[in-house]
Structures are given as structure tokens and as C-alpha cells.
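Please put together the full structure from these sequences, using the hints given.
As they're listed, the protein sequences go chains A and B. Per the numbering used here, the first sequence starts with residue 1, numbered consecutively. Per the numbering used here, the second sequence starts with residue 1001, numbered consecutively.
Keep in mind that the hints are not guaranteed to be accurate.
[Unchecked claim] Ranges of calculated distance between the beta carbons of each label pair, as one might list FRET restraints:
(1) A/P86 x B/G1072: 54 to 60 Å
(2) A/R245 x B/A1068: 45 to 51 Å
(3) A/G676 x B/N1085: 53 to 59 Å
(4) A/V697 x B/R1005: 46 to 52 Å
(5) B/N1032 x A/G103: 35 to 41 Å
[Claimed, not checked] Calculated cross-link-like contacts (lysine-lysine; reagent style DSS-like; alpha-carbon spacing at most 30 Å):
(6) A/K316 x A/K150
(7) B/K1150 x A/K650
(8) A/K594 x A/K416
(9) A/K688 x B/K1150
No lab work stands behind these hints, which were simulated from the structure alone. Just so it is clear, CB atoms sit at the ideal spot from N, CA and C, and this is done for glycine as well.
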Amino acid sequence: MTTATTTTGISSRQIGRNLPRLEGREKVTGRAEYTHNLRLPGMLHGKVFRSTVAHGRIKSVDVSAARAVPGVYRVVTSEDVLKVIPHPYYGPAFHDQPILAIGKVHYVGEPVAVVLAEDPHVAETASALIVAEYEELPAVYDEVEAAQNKIVVHDELKPAGTFADLKHLKGVRGTNIALDYQLRKGDVDKAFGEAAHVFEHEFRTQKVLHLAFEPFVSIADYKSNRLTLYTASQGPSFVRTEIARLLGWPENRVRIKVPFLGGGYGAKLYIKLEALVTALSMIAKRPVKVSLPMEEVFYTITRHPMTFRIKSGVDKNGRITARRCEVFWNGGAYADVGPRVAQKSGFTASGPYDIENVSIDSYALYTNQPPAGALRGFGVPQLVWGYESHTDMIARALNIDPLEFRRRNIMREGGKHATGTPLKDAPIDKVLEHLAARMNWTKPLDRGTGTLRRGRGLAIAIKAVISPTTSVAIVNVNADGSAALYCGTVDMGQGSDTAMAQMVGEILNIPAESVNVVPRDTDFTPYDMGTLGSRSLFHMGHAVKLAAEEARDKILALARDLGLPEGTNYSVADLFQKRYGMQAGNIVGTGVYKPDYIPPQPGTGLTPNVTPFWMVSGVGAEVEVDTETGHVHIARLLNVCEIGKPINPKICESQISGASMMQLGFTMFEKMHFDGGQVTNASLADYKIPGIHDLPVTFENETIDTYQTNGPFGGKGVGEVPTFCVSPAIGNAIDDAVGVRLTELPLNPEAVLRALRAKQNRPIEDA
Amino acid sequence: MTAMRTISFTLNGEQVSAQIASHHSLLEVVRNDFSLYGARESCGQGLCGCCTLIVDGRAVSGCLFLAAFADGTTVETVEHLDRHNVLDPVQEAFIEEGAFQCGFCTPGFVLMVKQLLDEHPDPDDERIRDYLSGNLCRCGAYPEIIRAVKSAAHKRRAGKPA
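Okay, here's the thing in C-alpha cells:
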């Protein structure tokens, strides 16, 4: 272990230390705090009764039998909610989601009523006795069908008013399109006409979910002039703002407390159970906890399924001259943050390529499925699945090596992205060359024999961090010289507390492990936009650095005021002692960070500054395909990420491997199956996630040596970066091995075998 | 009204008793009656390992193990490992190797790794993978967990207190 403090008491550098996580001891002893573990005196448990139809008018909800169960405190329906919160609709982009269904249900699993009881088993038993009747309406599940607006999910669109590009949708009727984002650069039609070759493909991704092991859980404790929420949330500031809005209260009467999270991955953003428990606590006048069983997690929030139509024109030299992208995002029944996924990912749909003429249409769509939101990568992994499969298909069709084809077409540093924003600190070429070298791409691969065939593939991608967003931090130096950091970044396993403490330690010249990172509590912790989109290390990192620098400067000023010479060896505690005559006082530094941003022009999506930083990654895969079973064995998976200068290299490496493992599940087998809008595999028994046997035997996680010039200490985010390229690298490797091209995820044995058999002209008949 | 009964068992070295209903799981009892929160319910089907408890020396899924069957047994939770304020070598190794991210599944892994090393003091990769295949980690810290198992095995052989 690195020693932080030298014999003279002056700390060594904190940036770049492989410091084990500060909360490690709490986690390995089982004593770390999670909302899951919290109980309040007098607390009731809520059990949610959910819709069994995907789209329908509610005719009646009979709660009498449930109410009669001994031990039931109360049964709550939307009528009760409307009495305490007259406009109970929430959401970050649209105010479309009711606390409990009002008049209509829009997906199977939508909350309709809640049973409250002291004993959660009583609440569960009673909830099974509720009877709801619906007049069923036709439902739409597929995103491309939804775009035709033949079946409409919501009668009228209700944008929240926070996003300029959604305002034109206010009050619009008869549509499922919750955002129609456009980017227009050059003239794609003209370029297609002049191209030597034109390629057009369609790709799809399935519905998958985060499946954090701490299921959604929130507790509300309502008093007449005060609300405290204890919640497993990635965005305490947003929760406070939105709950205060629902209550018509100032924010200072709403307090959000967030301990550690048992996983988040984007699921625990915005409002999940927080509005529901607030209403329940207001109605019951007691603390109320709702803790979902795993089955109900499948009906709360998922990743966006997507259909991606991509068309490229290529000249005779193998240069891509034009690309048209049409992306349909299946947002489910409520918008959540889907319109932002459609836009913020949508503008990168043409990939890391330098293309003269680009046209992108990205549509956020309502359907009668469980809602979709943010999931580690914010749409980009789905897009990359499409465009990097497409890239390989073009290269193969033109008989150009896939690596060479990418070399000819990638954007270079200083060039312009399709949005018009210059590419800075985004060394796509370096990532690609690192990948090529480490994959020994120029050397022939052992192709296997008989029914076991080997192949390799690679993929490369780019993402822009969401912008513009704000972070605020406070550093408090106590009279004994110890320091506390108040920041709203939620540590859900990514190690942010440790990295932020390292930044404070670096500036204040103290060991990072001595910094108290105060658990998130909006009564103390200042504003942060949210722990999402790999933004925290950059945005909050800047705020933390600024706060620590201000505290340090105040300490130096105090020493000057006390008449001490520069470079004095008086300790910080001595300064306080001299100033106040005893161990007393504080020095407080604050930091605020919001990067520059220029909004894209409506219609063209063009802007000279779309993002403060880019993220680049690549994956190389070697696979062995069993042509008799369709089983794909991943012999080697190489992740190459560009993450600036790592603040804590070891934690960064585990972020890379962990994100890659998660994406491996989404690539190879994870899929929510539906029947009439109902999830038919809503459990870990039937929805399999990667286990230890799924770890590729050769699994390499590497970064390239870079420095983010505008980043705090040269750093930037990492959490999503490794997710981008896993799917297409493996899809490309399968094609390389057995000559079949899969265009839909997951790449499970059935899909591979069906494709192999179709290629042999003996397709497997559907049962 | 659900019939209640009393069970008695040894919990982390102490003789205890609890009032239980027939449908209560041992996991609920250790959490609700004894405030031991290291074991947690996640999947609720005995598939993820987050609820791992040790009953009469064997790891069980606490979410499926009915409390009634714990009568007369010896139960240990992860909280028992550092009862003398000293971490088990497995816990030390998990911290040093960074073998967790969110930490929700970690107590279950720690208990399983301890049982693995009790049975196989020097396991190879294949045995580690087989033995731990009943524990899931959604953060995907498997490479670090495998490294931690090897490190813990080394620590135990080097004679660190178990």
C-alpha cells in the first residue's frame, strides 16, 4: 500500500495513488449504510398493486377485501393521492408520470394502488386481494410501429418546460414522438448520388435492465412543514427540486438523504419511488418505506430498445462521403429521460468518422412497455452496435481490411465532429492503433477446425459528455486541520468518494484517507446535477478542486494575517489556535463548475461547442463459434479506453472491467421477454446476468496515456466508456469466424444457430 | 392471526431466541430481530448470494431458509468475522484487491470465499470459479474477486489469524 504521509508529516501526491476505497472496511464487514437497511420508528411498509394490462381505461379498483385484512393500515389509490398532491405528475423531461395511475394505465406493471401495513407480509397478502377492472385499449410495443402514430399512448404531450427543444411539443395530440432530434450537415442525397457504393442496414437492440442488487427503495417521513426522504438515488438534488415542485414547497423544506447505493447504473436517477412514498407518508401521517422485490424492478425502468437505420455512401478510395442515420428509441410508457437519450446520444450516431455529409433523425417514442431511461452509456452502446457492425459490413463488402477501413475514415484531433464541434483530447487514432497492436492484427489468426471456428473483430466509438450541467462543492477545514468534503456525487460503487478525497488531499496536502466525505444530505450537501453520464469526475472534480483551492488560499491568507512568513512550518491547527486562542473556527471553501456550452441550432443540430469532453474507447474480441450449437466462446476480450489521467488507476481499471462485464451480458444473453406487455422472465432465475463463469479467460483492460487538458488534474469520466464497443466487436468477430451477420442483440446460441442454418439454406422452422 | 412460536439458536456465538411465524425467513430474523444487516435480500430466490448466512458451518441462502429450521442450530453472519475488531484475511484481501464496487453482494462473497479456503486452502482458478458460481456481482468485480481469493489464500498460509 502506498504511504501517504512522509516522516516530515507532509503528504506525498494523492493524484494517481492506487488508494483502496475509503469505505472498504464498512463494505467487507457488512456495515456499510444502504437505504435497504433503514428502519424508522412507526414506519409502515407499502406494497404496490400493479396494472395487468398494457393499455386500458380503469373502470374500477375494488380495495374492500384488502382493507379488511387484519393488520392493514390503509389502502391508497389515486383518489387519495389527488387529495394531498393535486397535480401528481412528474418526470425530468415530461410531466407525464402519475404517482398512481389516474383514469388510464399505460403499461403492465404500472402502479395502481398501494397497501400500507406495519408487517410487509400483511401488505403483500392484502395487495393480492385488490381487484381492478379495465377497458382494454389496443397497445403498441414496437418503436417503429409507434412512430406511425396509429395507436397513441398518451392523449396529449406534457413537456416539463425545462428543455428548450421540447417546448414545441406542449399540448400536441395524436403522437407518440416525444422528441424529433435532427442533425443536418452537407447534402447527403447529393453525396449518395455521387458515391461509388451505397450501403444500407438496419440494427436492433433488445430490452435489458440495470438490475442493481439493491432494488429500488425509498422512505418518506412527512411532517406538516418538513419532508425527509431517505432514498437510493443517484440524483438527490433533482429529487429535492421535483418533490418540492409537486408539494408547492420551497426546496429548503425538503431533505434528501442518500447513503451508499447497492448499484445504480443509471436506474436510480430522477424520480422512481420518491414521489410515491411522499404521497403515502402524507396520507398515512407516518413514515412509509417501499422496497421493491426484484420482480417489480423489471417494471420500473429499463434500457432503451432501439431500431437504427443507417445508410452510407463510400467513394472509390474507400472513404465514407455520406451517412444517414434514423434512430427510433423505445421509451416505454413514460418519457423519463428518454428525450435526452434521443438527442445527446443521437448526435453521435454517425460515429467516430470524418464524414462530409451527415443527416441524423433521432426519435424518442412512447410505447406501452415499462419505461426506459438512462443506462450506463445513455444510448451510445446501442448506437455503436449499429454503426460499428455497419462499418465492418462495408469493409467486408469492399474487401478492405476492417482496421484499414477505419484508419481511412476516423476523425483526427483538431478535425470537426458532425455537429461542427472541434475534436479535442479525443485521440481516436491512438485508441485504434493501440487496439491493432495489441490484437496482433497484421498476424494471421488460428481459424480453428471442424465445427469450432475462430474469428476476431474490433470496434471503436466516441461519446460526448452531456452538457451543460452544474456541480457545487464545499470543503470545510476544521480547527484541528482535518477536512470534510460536501459533494452531491453519489458513490454507488464507482469509487467517487475516494477519487474526490484524493483531489482534496492533493490540494490541501493531506492524505486522502483523512478526508471525511460527508454522506449526501441535501440539507448540507450543495447542488449537483446528478451522478450520471460519466460527468462526475470532471464536473464535480472541478468543483471539488476549486473548493479545496479556495480553502487552501484562505489558510495561506490566515497565516499572512497572523504575520507568519511564507512557507512557515506552523500546522493548520496552530493557525486556528493562534487566531482564536483555542481549537475553534472553520475555514470553508466553495467551488462551482459549469462548462461552456453553445446549444445546437434547431433543425441542423450544429454548434461549435456541444460538449466539454469526448470519451473514446475500442474493443477487440476473439471468439470461437461452435457451428453445431451456435454457442460463442469468448476467448479474448480487450478493452482499450481513453480516460485522461486516472486519479486512482486501480479503481479506473475495475470500472473498465466491470462495465465491460455488464455490457457482455447485454451482448450475449440478457433480454427481457414480453407477452402482451407482460415481462415473462422477471426474475434472476429466468433473466440471467453475467456470473463468474462468464468472465472471458483472457480479459484485458487497458488505458492509453493521455491528459484531458481542461479536466481536473487531467482527468475525466470512465464509468460508461468501456461499454460502447463490446457488442459490435463480438458481432464482427462472429462474422469473421463463421460468415454470418447478426443485426439484433443478444448474440445468443439460438440467434447464431438460426443465422448459420439460414446461411446453409436449411433454416430452423419456428415451432 | 398468524401463529407465532419461539426458536432458540446460537447467533454469532451468543445463545438467542426469537418469536417467529412459520413464513419468516432466517434472513428476516437476523435483520429485523438482531439488526444484522450484512446479509440482504436481492433476488429473493436464492440465486444471487447476497443473503448468504452460515448455518451449522454451511453457507445457505438466508432468503429461502425458513427461520423455523434454524431452531437449535448455530448461525453466523458476516458480522461475526471481525468480532475481535480484526478483519479476516479474506476481508483484508477484498479491500486490498478492490474486489467490490457497490458492496451489496460483498458479505455473501466474503463468507463463500472463507468457506472455499477452509475446504481448499490453495484453490486454482477453475475451482475458484466453480465454487463462487452461486454468487453474482452486478458490478462485475469478478477479476478482482479471483485475485482476492488468491491473496487471501496466501495470507492464511502465511499464518495470519483466521
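Numbers of unmet hints, in rising order
Hint check: 6 fails alone, others pass.
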